[in-house]
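*Asks:* So the sequence lines, in the order shown, correspond to chains C and X. Quick note, the first sequence lines up with residues 1 to 113 if you use our numbering. Quick note, the second sequence lines up with residues 1 to 114 if you use our numbering.
Hint data in this document are derived by calculation from the structure and do not stem from the laboratory. The beta-carbon is built from N, C-alpha and C at its ideal position, and this holds for glycine as well. Incorrect hints may appear among the rest.
[Said to hold, decoys possible] Mimicking SDA-like on lysine to any residue, the simulated pairs with C-alpha atoms at most 20 Å apart in a straight line are: (1) 11/C to 1/X; (2) 106/X to 41/C; (3) 106/X to 11/C; (4) 57/C to 39/X; (5) 11/C to 2/X; (6) 106/X to 106/C.
[Unchecked claim] Counterexamples of contact, computed for chain X against chain C with all Cβ distances above 10 Å: (7) 26; (8) 31; (9) 33; (10) 53; (11) 56; (12) 60; (13) 73; (14) 82; (15) 103; (16) 106.
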Amino acid sequence: DTGVSQNPRHKITKRGQNVTFRCDPISEHNRLYWYRQTLGQGPEFLTYFQNEAQLEKSRLLSDRFSAERPKGSFSTLEIQRTEQGDSAMYLCASSLGLGQPQHFGDGTRLSIL
Amino acid sequence: GIQVEQSPPDLILQEGANSTLRCNFSDSVNNLQWFHQNPWGQLINLFYIPSGTKQNGRLSATTVATERYSLLYISSSQTTDSGVYFCAVDPSRASGGSNYKLTFGKGTLLTVNP
C-alpha cells in the first residue's frame, strides 16, 4: 500500500495561468475524490469519481475547473485562468468502495501571485 | 446539509497530559472519520468509526450514533501530537447523504508543549 500520491506538492503561478494537478489513488481503489482546503478551514468536497465516471461536482467548482479520470486510474484536476481566490490546498482521496474509509494524499498547495 | 461542530477549537497541553476532543453532528451518519493534520499539512487517517469504540495505541475513539456525537481521546500526549484534529461525516441516505461526500468540521487545534 503506497498511499495516495499527489503531484506537484507545491505550485506557484501567476494569475491568469492554467494549472494541472495529478492524483494517483491507492491501487484497486475505485473511488476517487477531490477536496479543497483554505486556511483555517476543513477540507470541502469538490468532485467524485467512481471508476472513470464523474458522478458529482460541487457548486464550488466553477466552469474554470475540470477533472478527469481516464481509464479509472489516476485523476487530473485542471484550473484555467487562475484567480487569487483559487489559492488553497487541493487534496485527493481514494476509497475501496461503499462504507470504506477515505485515504488522503499529501495535497498540492497552490499559490497565485 | 449536515452540521459538524468540533470542540474545543483550541487546546494547549503539557506533554504527558490527556485530552478529549468532541464532534457533534446534526443528522444520522453512514461514515465518520477522525483525521490528524500535521504542521506540514498531511491529513492522516486516525479512525473510521461510524459507531462503537476503537483503540490504536495512545488514541481511542467512541461514536454514539444515536446521540450524534463522537469523542477522540489522546492519552500521554507527545509534542508530535500537535496539529489540527478533524472530524468528518457522510450523512446516511435517509438524511440526504451520498455515501461518499465527507463534510468536515472546523477542527481542534492541539498544541502540546514539551
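*Asks:* Against this structure, judge whether each hint is valid.
*Replies:* Evaluation of the provided hints:
1. 11/C to 1/X: Given pair residue 11/C, residue 1/X is violated - Cα atoms ~32 Å apart, limit 20 Å.
2. 106/X to 41/C: holds (5 Å)
3. 106/X to 11/C: violated (25 Å)
4. 57/C to 39/X: violated (29 Å)
5. 11/C to 2/X: violated (33 Å)
6. 106/X to 106/C: It holds: about 19 Å lies between the C-alpha atoms, which stays within 20 Å.
7. 26: At roughly 15 Å from the nearest Cβ of chain C, residue 26/X sits farther out than 10 Å, so the non-interface label holds.
8. 31: At roughly 7 Å from the nearest Cβ of chain C, residue 31/X sits no farther out than 10 Å, so the non-interface label is violated.
9. 33: Answer for residue 33/X: violated, closest chain C Cβ roughly 6 Å.
10. 53: Holds, since 16 Å exceeds 10 Å.
11. 56: Given that every Cβ of chain C is farther than 10 Å from that of residue 56/X, nearest at about 13 Å, it holds.
12. 60: holds (17 Å)
13. 73: holds (19 Å)
14. 82: holds (16 Å)
15. 103: Check fails; 7 Å does not lie beyond 10 Å.
16. 106: Non-interface label on residue 106/X violated, nearest chain C Cβ at 6 Å vs cutoff 10 Å.
Checked against the numbered hints given earlier, the structure breaks hints 1, 3, 4, 5, 8, 9, 15 and 16 and satisfies all the rest.
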